[in-house]
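Trainee: Below, each chain spelled out in residue letters.
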Amino acid sequence: MTAMGDVRRQRIDELAARAGQVPEGEGGVSLVRSAFRRLRRNPVAILGAVIVVVFLFVAAFAPWLAPRDPLAQTLLSEVRPGFIPGAQEGFPLGADQLGRDLLSRLIYGSRQSLLIGVVSTVLGAVVGMALGVLAGAFGGWVDTVVMRFIDIILSIPSLLMAISISVLLGQNQYALMIAIAVTQVPVFARLLRGSMLAQRGSDYVLAARALGVKRGRIVFGHVLPNSLSPVIVQGTLSLATAIIEAAALSFLGLGDPDIARPEWGAMLSTAQDFLSVRPELAVWPALCIIVVALGFTLLGESLREALDPKFRR
Amino acid sequence: ASSDRESGGGGEGGGAAQSGGTMVFGATGDPAMLDPAFGSDGETFRVSRQIFEGLLGNELGGTDPVPELAEDWEVSEDGLEYTFNLQQGVQFHDGTQFNAEAVCFNFDRWYNFEGLATSPSASYYYQAVFGGFASTPDTPSIYQSCEATDENTAVIRLTQVTSKFPAALALPAFSIQSPTALQEYDADNLSGAEDALTYPEYALEHPTGTGPFRFESWDRGNGRVTLVRNEEYWGEPALLDELIIRTIPDGNTRRQELQAGSIDGYDFVAPADYQSLQDEGLQVLVRDPFNILYLGFNGGNVPGTSANPALQDPRVRQAIAHAIDRDTIVSSLLPEGAEAAIEFMPPTVDGYAEDVTTYDHDPDRARQLLQEAGAEGTTLRFYYPTEVSRPYLPDPAAMFQVISQNLTDAGFTIEPVALPWNPDYLNAVQSGQADIHLLGWTGDYNDAYNFIGTFFAEASNNQASAEFGAFSAPEIFQALARADQEPDAATRTRLYQEANRLIMDYLPGVPISHSPPALVVAENVSGLEPSPLTAEVFSTVSISE
Amino acid sequence: MSIEALPPEGALRTDVPVLEVEDLSVTFARRGEQPTRAVDGVSFSVAAGETVGLVGESGCGKSVTSLAVMGLLPRRGVQVGGSVRLGGTELLGAPDRTLRRLRGAEMAMVFQDPLSSLNPTVPIGTQVTEVLVEHRDMGKKEAATEAAELLDRVGIPDPTRRLKEYPHQLSGGMRQRALIAMALACSPRLLIADEPTTALDVTIQAQILELLRELVVDSGTALVMITHDLGVVAGLCDRVHVMYAGKVIETADRHDLFARPRQPYTGGLLASVPRLDAGRGIPLTPIRGSARDAIPWAEGCAFAPRCDNAQDDCLTEVAGSTVPLEYDGPGRELRCRHPLTHPSSTAGATSSGSTASGAGR
Amino acid sequence: MTRAGEPLLQVQGLQVHFPIKRGVFVDRTVGHVRAVDGVDLAIDRGTTYGLVGESGCGKSTLGRAVLRLVEPTAGQVLFDGTDVASLRGEALRTMRRRMQMVFQDPLGSLDPRQDVESLLSEPLRAHGLGGGRAGIATRVRELLDAVGLPTAALRRYPHEFSGGQRQRIGIARAISLEPDLLIADEPVSALDVSVQAQVVNLLEELQQRLGLTYLVIAHDLAVVRHISDVVGVMYLGSLVEQAPSGALYDEPLHPYTRALMSAVPVPDPVVEERRERILLAGDLPSPADPPSGCRFHTRCPWRQETRCDDEVPVLRELAPGHLVSCHWAEEIRDGALQPRSAEEVAATQGVSVRATGVEAIESDALVQGLDEPIERR
Amino acid sequence: MLRFIVRRLLQLVPILLGLSVLLFAWLRALPGGPAQAALGERATPEAIARYNELFGLDQPIWVQYLRFLGRAVQLDFGTSSRTGRTVTTEFLERMPGTVELTLFAMVFAIGVGIPLGYLAARRHGSWLDSGAVIGSLLGVAIPVFFLAYLLRLLFAVELGWLPGSGRQEVRIDATHITNFYVLDGLLTREWDAAWDALLHLVLPGIALGTIPLAIIVRITRASVLDVVNEDYVRTANAKGLSADTVRRRHVIRNALLPVSTTIGLQTGLLLSGAVLTETVFAFGGVGSAIYDAIFTRDFAVLQGFILMLAVVYVLVNLLVDISYGLLDPRVRVR
Ligand SMILES: Nc1ncnc2c1ncn2[C@@H]1O[C@H](COP(=O)(O)OP(=O)(O)OP(=O)(O)O)[C@@H](O)[C@H]1O
Ligand SMILES: Nc1ncnc2c1ncn2[C@@H]1O[C@H](COP(=O)(O)OP(=O)(O)OP(=O)(O)O)[C@@H](O)[C@H]1O
Ligand SMILES: [Mg+2]
Ligand SMILES: [Mg+2]
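Chains as they are written, first to last, in our numbering: chain A, 1 to 313; chain B, 1 to 545; chain C, 1 to 361; chain D, 1 to 377; chain E, 1 to 334.
Take the hints with a grain of salt, since some may be wrong.
What the hints assert, rightly or not - Lysine to any residue pairs mimicking SDA-like chemistry, simulated, CA-CA at most 20 Å apart:
1. A/214 with A/201
2. A/214 with D/95
3. B/164 with B/180
4. A/214 with D/261
5. C/140 with C/168
6. C/164 with C/199
7. A/214 with D/177
8. B/164 with B/185
9. B/164 with B/486
10. B/164 with B/99
11. A/214 with D/89
12. B/164 with B/498
13. A/214 with D/178
14. A/214 with D/132
15. A/214 with D/97
Please keep in mind that the hints were generated in silico from the structure rather than gathered at the bench.
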């Protein structure tokens with residue numbers, strides 16, 4: 001009885017000790033991690049993540065997954081202007097207009113498409129964010145100048161921009177990525193600037209100033225990290241649009257000049273000439289683009305929710 | 001001549017061609033303007049060919065020049081004086097009379113172009129055929145004079161014999177236009193600023209010829225040119241009431257619009273669509289091939305040019321020629337009716353030689369040649385155009401990929417360079433930046449010089465054009481020059497054959513194919529005769545309900 | 001009918017309660033998350049002309065209780081149990097149409113943050129008149145006249161002009177007055193005020209409290225006053241219910257409660273408040289920890305971890321039952337096994353020793 | 001620390017005016033928000049100065065101006081003999097080490113992405129204090145101990161703490177640099193009463209231990225009175241009364257102070273029932289267009305014709321250490337003047353009770369924002 | 001208000017100046033100058049040199065720029081090298097088509113997007129919600145040339161309901177006064193022409209409208225979700241207003257505020273950016289003109305069009321800001 005009583009007494013003490021203590025659990029939960037936790041609970045996010053991961057996997061292991069060499073014009077001699085060999089032994093989805101295995105090309109295409117998406121988005125984001133930081137950190141006339149510059153970029157049709165760049169830099173895959181990146185720059189710049197301006201007025205920035213923290217550290221250590229979440233969200237969405245943009249550019253003949261290298265956008269746009277012969281040539285890459293875009297967008301959309309301060313606890 | 005015209009009508013089993021109706025035809029682009037004298041592109045000529053006629057025309061469905069506004073003509077012994085007997089009772093659309101005066105007015109007009117009109121963008125064809133102007137003494141002209149000896153006889157004198165004459169007069173650029181209208185609407189007054197020519201009112205609003213259709217309107221916003229039947233036409237009047245030419249740049253759009261019935265026909269059918277369109281009951285009208293696609297080499301042998309050193313070795317050039325699988329290209333990439341080319345002009349042109357050196361598909365031989373030359377793994381900057389589809393090259397990218405694969409198989413390394421067709425690609429290729437490149441040519445009229453002369457005539461200083469690496473091959477240059485100035489047709493043919501042999505021995509590039517471009521019209525359209533020169537006339541066309 | 005037309009005060013003070021809340025419980029059950037019981041078996045009633053206070057720290061369930069009464073909780077992910085009767089009509093489970101008819105007309109609510117509670121894009125006038133149009137079948141013009149009168153009554157000067165203005169053009173006090181005007185538009189029998197003065201300055205707060213006080217006196221409205229400010233309660237309420245972690249832990253008449261708080265929590269709250277009339281330098285005696293340290297009622301008294309009087313039997317495992325709300329003298333109820341004694345000298349008794357030393361460490 | 005005799009902080013004639021800008025090409029200043037309009041005060045070492053006043057009367061701005069977080073328009077801020085307004089760049093940064101601030105919103109003033117350790121060590125690192133990595137780590141633990149948080153808190157982020165705990169972190173951060181002056185801008189107004197008491201106790205305890213000097217800004221008179229030695233009452237940018245806290249409570253002289261006192265509810269029904277209330281009419285007028293004469297005359301129940309409207313009262317010392325700026329302070333104290341009711345005041349002032357001035361500035365700021373491209377997605 | 005507008009208009013000046021310098025320098029820096037474009041496939045270097053001399057293209061670039069600027073301020077942007085007509089004429093002829101198309105696309109995007117976004121938000125988490133979000137995304141993820149093909153295949157070829165390209169049936173002989181074809185049809189009482197022009201807007205309008213549609217759906221959805229949780233909606237409910245009044249007056253009105261800015265921005269973008277859509281639908285607007293100009297190096301058109309579009313863009317944004325001020329009393333300008 002007494003033993004039991006002691007145990008309970010202990011429990012009361014424990015409870016008393018708990019009051020005024022910080023909450024339990026090992027290690028602090030950072031915002032990123034708590035956002036991640038919320039993401040894991042969101043079925044939409046999971047769907048998006050699964051799609052993205054599957055395609056990343058396919059891209060990474062393309063050489064092992066693809067049944068054939070995506071460049072070999074194996075069935076070319078069977079191709080006729082009005083006829084493209086369909087599915088057959090060894091060619092589960094049939095061949096393309098140059099007798100190459102469509103499935104293998106789709107699989108390898110994920111590499112280039114994702115590469116274009118990632119590189120151009122990263123590039124656009126980095127430059128855009130640099131401009132955004134400039135405007136957001138300094139404000140005043142720097143802000144005005146940068147924002148006017150962004151306005152100027154915005155009022156030039158993105159297609160013209162892309163074309164000029166690929167003409168200036170010669171037509172190669174880097175020019176293509178840069179061209180797409182340039183069209184993303186204003187988006188990132190405005191987004192980051194807006195969000196930094198909002199953060200700049202917040203109390204913790206004032207607090208950092210009051211503490212005598214140096215200006216650079218305030219901008220890069222406080223304001224910037226806290227302004228990033230809309231940019232992250234935009235990033236995932238941009239990945240999707242970059243792939244579509246690449247398709248539009250190759251439709252205009254401004255895509256990757258190494259056209260043998262499979263890329264969904266290019267595949268889709270070349271397939272336009274064979275729609276009456278074999279629409280599958282267009283349907284498959286279009287499907288790939290849509291699904292990947294969907295994956296990134298769903299992920300982005302749920303990231304937005306996960307990073308939304310409203311849902312923070 | 002008019003009998004030719006009449007016989008053309010019944011292409012489709014002689015069904016009673018109905019008169020009347022409107023035909024809408026899909027074109028790929030807007031005409032630049034409507035004065036053919038200033039024209040140089042196919043879309044301009046597609047329209048002007050319906051409105052205007054020249055002294056000579058083209059044989060219906062063929063490439064040979066036939067009398068049109070001239071009933072016939074005689075050439076003087078020395079080949080310098082042409083006497084044209086003109087059709088009588090011909091009226092321009094503005095009601096004025098067509099006569100020898102009018103003919104000479106036109107010739108003098110061209111010869112006396114001044115200022116901007118003498119720029120190559122304005123009068124390309126005149127300069128290509130006649131050389132310079134009255135106002136440019138530095139560049140002599142082969143045109144001397146035109147004289148209206150009577151109402152219906154025009155005598156044209158040249159300063160020099162040329163094989164181009166008189167066949168070139170069938171070019172739409174040399175259409176005879178109404179002197180009254182030309183003067184009234186200030187036709188020669190090309191103005192311009194900075195980077196553009198401004199065409200006079202005549203070229204935009206008042207093109208006045210003698211042809212079976214009259215110009216009605218040009219609605220640029222909507223991309224449509226409307227022509228109506230010329231009721232006063234001197235020959236067999238057109239069957240259609242109205243011919244509308246509509247611009248639809250995108251190929252798929254053109255096809256779907258035809259399928260949907262919004263248009264009655266269009267040009268530049270994608271080879272892949274020939275079959276399916278036919279299956280749907282549409283009429284695919286395949287033209288005879290009158291073009292050449294080649295893979296040009298930057299293989300100059302003159303020091304100081306930008307030529308690729310490896311390509312100066314004939315064995316390397318031969319290796320390329322042996323590497324290319326022309327038969328597969330023709331069967332897989334080009335429409336039915338395409339032929340593999342063995343030289344740089346189509347077989348139908350006089351001067352074609354059957355017995356040139358040929359280079360069969362033989363990868364082993366290619367590799368061997370390469371080895372002998374010590375050039376295995378040579379890197380070739382392979383240029384190809386984008387955003388374009390030419391009659392001889394329907395799908396540049398596919399062509400590039402297949403040839404590129406062939407060359408890789410033979411042991412070359414390919415570095416692809418893609419450029420938008422105009423001006424980047426043409427600029428780069430013609431200034432000799434490419435190691436190898438894809439280019440071709442559609443003939444303007446039935447003349448060998450129009451093909452091989454354009455490519456391989458001496459450009460300057462005993463060198464060929466930069467496109468072919470400015471190679472120096474005097475025997476080829478001489479052969480071409482001699483042939484061009486030979487008035488006798490038979491001799492000329494022989495000389496051109498010789499030139500072709502020389503060219504294929506030297507191998508400045510690989511001729512690849514002749515490809516038949518096609519138009520397509522709806523089921524209820526009849527009477528459209530495809531022309532190898534893409535010079536279709538619509539006066540024989542009728543459309544039934 | 002206008003406010004002036006109401007019968008005089010005495011007639012309304014009947015024994016039939018305007019609002020009866022019985023065993024109200026509200027559980028939030030979000031998908032993928034632990035269900036939380038925000039309100040747990042709360043019962044109280046309000047008679048006409050009576051002011052009942054609900055007090056407690058942030059997050060104890062005051063607002064949720066009021067929203068549950070009004071039927072304003074979201075449908076999805078919320079379970080509401082118990083019974084809420086307005087003048088005898090059961091509100092829980094009543095169809096949306098019925099609730100909408102009652103809300104605004106029979107019962108009304110004033111919210112904490114006057115700016116966010118007003119639609120920024122609609123003129124004040126419209127926001128007032130729409131109630132009149134909805135419940136009192138007035139025409140636009142008539143409603144506008146009435147609305148101006150209402151604004152005037154709650155002390156907004158130049159009401160006709162104000163009607164055309166937007167919320168952001170009004171000061172905080174005026175916005176709160178406008179909100180009150182809307183609540184009063186149909187002379188409701190029940191008014192719930194959820195922290196109506198928290199966002200306001202003291203001088204304005206005093207104006208608003210005065211207004212509410214007049215209202216109860218003049219029109220006999222039953223008022224539920226929700227606040228965490230014990231000072232406000234002391235000045236306004238007849239009966240007070242102290243809430244903690246979703247349950248009522250002490251109920252008493254205003255005088256009783258402040259004179260002799262029985263729940264250690266109530267005592268702690270009173271001791272925490274610095275008083276204008278107390279001297280400088282005497283340390284305050286806060287409750288240790290914060291409301292976040294509550295344990296589930298099922299495990300024992302939720303306040304136990306912060307309570308200095310806590311004993312073994314505050315825990316369910318020992319006592320065998322949850323701490324019940326029991327009769328504690330006339331008009332009083334208490335949920336505590338070890339209440340404060342000698343309440344006459346509360347401040348002194350509890351301030352010494354353990355509470356102070358337990359604080360802030 | 002050396003010149004023990006003189007006050008640590010002296011503020012003289014401090015003005016902070018925010019320009020209201022508008023213009024076509026270049027912004028022109030069309031007016032000023034007189035957020036702080038000529039304030040003199042002095043705080044002795046080791047004492048607490050409490051500042052009260054209605055929302056928008058310029059308390060925070062005053063606090064910020066002292067720290068040079070906003071630029072004063074005029075006046076001097078002498079901190080330990082140095083004029084803070086004259087400092088630039090690095091010197092200012094160094095000076096800030098000795099003056100620290102605790103903010104009203106505990107969550108908002110902590111960077112949500114920093115854990116507590118980084119929050120607390122950042123000021124040390126910024127000033128090169130703490131003696132290296134190990135030194136900083138020890139110091140951070142000491143700080144946590146000083147504000148009563150366990151070491152387990154180090155790895156956690158602000159959003160994981162309760163309001164009171166967050167405010168403790170804010171306080172720990174502020175005292176990490178061992179400042180001489182701590183400005184606490186409404187340190188407890190966001191907290192529950194029970195927690196508020198903990199924080200107030202903590203502040204007092206720290207003051208005793210570290211010999212801190214406080215400037216505590218609050219709108220809650222009771223809290224201010226509880227912890228302050230001297231209390232200043234602000235109205236519309238200027239001090240209207242200043243006195244030792246006991247004296248102020250016992251005998252408020254300024255009508256505004258009186259009204260304020262009477263408005264604070266006391267958690268005692270008996271007191272509440274007895275209490276005489278002085279209700280004020282209307283709201284705080286716009287600081288962009290303050291009333292003439294005595295700023296309080298538009299709401300003052302004791303207002304006397306013309307003098308109050310025309311003549312600006314000066315801060316007079318009526319009793320030792322008890323300053324007040326009211327023409328009629330003596331008369332009111334002696335009961336010679338009787339207050340009028342809020343309704344009467346409102347009536348005499350007509351529609352001037354409106355408080356649109358502040359709002360006008362707000363919307364104006366938005367208009368200015370409009371000139372920049374509105375950020376949209 | 002007036003001051004605000006004037007100020008915004010004056011801000012155009014630096015933008016246009018910067019833009020013109022940028023465009024000018026940039027376009028001239030591209031390889032293959034205007035001469036090459038004008039002279040065509042086999043122009044000789046001499047011919048190009050002569051052309052350059054003729055048009056002053058051999059002069060220092062800043063001289064060329066100043067000359068350009070001098071004429072540009074008089075709204076003279078030179079002549080199109082492709083059509084030989086003045087850029088201003090071209091623009092006035094092309095812009096109406098683009099305006100009609102943009103309006104149609106936006107009407108489509110708004111008409112479908114707002115109700116869809118609203119429903120998605122009200123049924124948050126339901127299949128309708130996911131369907132709306134994913135569905136609107138599909139339109140975005142399909143490149144427009146393929147979407148155009150599919151739309152035409154279904155509505156023009158298979159069903160034959162709608163015209164698949166162009167601005168008006170070429171067989172109709174309509175009078176054009178303003179070049180707004182629908183308007184022209186109404187003005188001249190050629191009802192069939194107006195109806196036909198309207199029908200021609202449908203497919204390109206849908207293709208063009210999918211992206212704004214997706215954005216509008218998402219923003220409406222997010223915004224409605226925000227607004228229904230606002231305190232004032234709770235107040236409105238507490239007042240016992242009918243569900244309909246709450247929705248109309250309190251939810252939708254406020255939810256549309258952020259949507260309205262998006263609409264404005266998207267309108268601005270569409271007005272300048274429908275290059276691909278107009279091209280694949282052979283729709284004679286500024287987009288297809290820019291497309292042609294790009295591929296023919298028609299510098300005068302590019303410069304002139306882009307500068308004029310920048311003006312349009314800024315004006316549309318100004319309009320948006322003004323209307324935002326009208327919609328939201330909080331940012332109302334005096
Ligand atoms: N929509 C909701 N979903 C989940 N939990 C909720 C919701 N609304 C309230 N709660 C929870 O219910 C509890 C009671 O909240 P309530 O708003 O009633 O507190 P309160 O007493 O009004 O506090 P305050 O004084 O801060 O207004 C809190 O723990 C809160 O987290
Ligand atoms: N950066 C600024 N620009 C323009 N006006 C400002 C600025 N900061 C403050 N103000 C104005 O100055 C006045 C005083 O503001 P301040 O924040 O100092 O008041 P406060 O007394 O701290 O009020 P609260 O109790 O609400 O915090 C207000 O009218 C405010 O609108
Ligand atoms: Mg609440
Ligand atoms: Mg403040």
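Trainee: All hints are to be evaluated individually against the structure, with a verdict given for each.
Mentor: Verification of the hints:
no.: 1; hint: A/214 with A/201; verdict: holds, 16 Å
no.: 2; hint: A/214 with D/95; verdict: holds, 13 Å
no.: 3; hint: B/164 with B/180; verdict: violated, 29 Å
no.: 4; hint: A/214 with D/261; verdict: violated, 43 Å
no.: 5; hint: C/140 with C/168; verdict: violated, 23 Å
no.: 6; hint: C/164 with C/199; verdict: violated, 24 Å
no.: 7; hint: A/214 with D/177; verdict: holds, 15 Å
no.: 8; hint: B/164 with B/185; verdict: violated, 31 Å
no.: 9; hint: B/164 with B/486; verdict: holds, 10 Å
no.: 10; hint: B/164 with B/99; verdict: violated, 24 Å
no.: 11; hint: A/214 with D/89; verdict: holds, 10 Å
no.: 12; hint: B/164 with B/498; verdict: holds, 18 Å
no.: 13; hint: A/214 with D/178; verdict: holds, 19 Å
no.: 14; hint: A/214 with D/132; verdict: holds, 18 Å
no.: 15; hint: A/214 with D/97; verdict: holds, 12 Å
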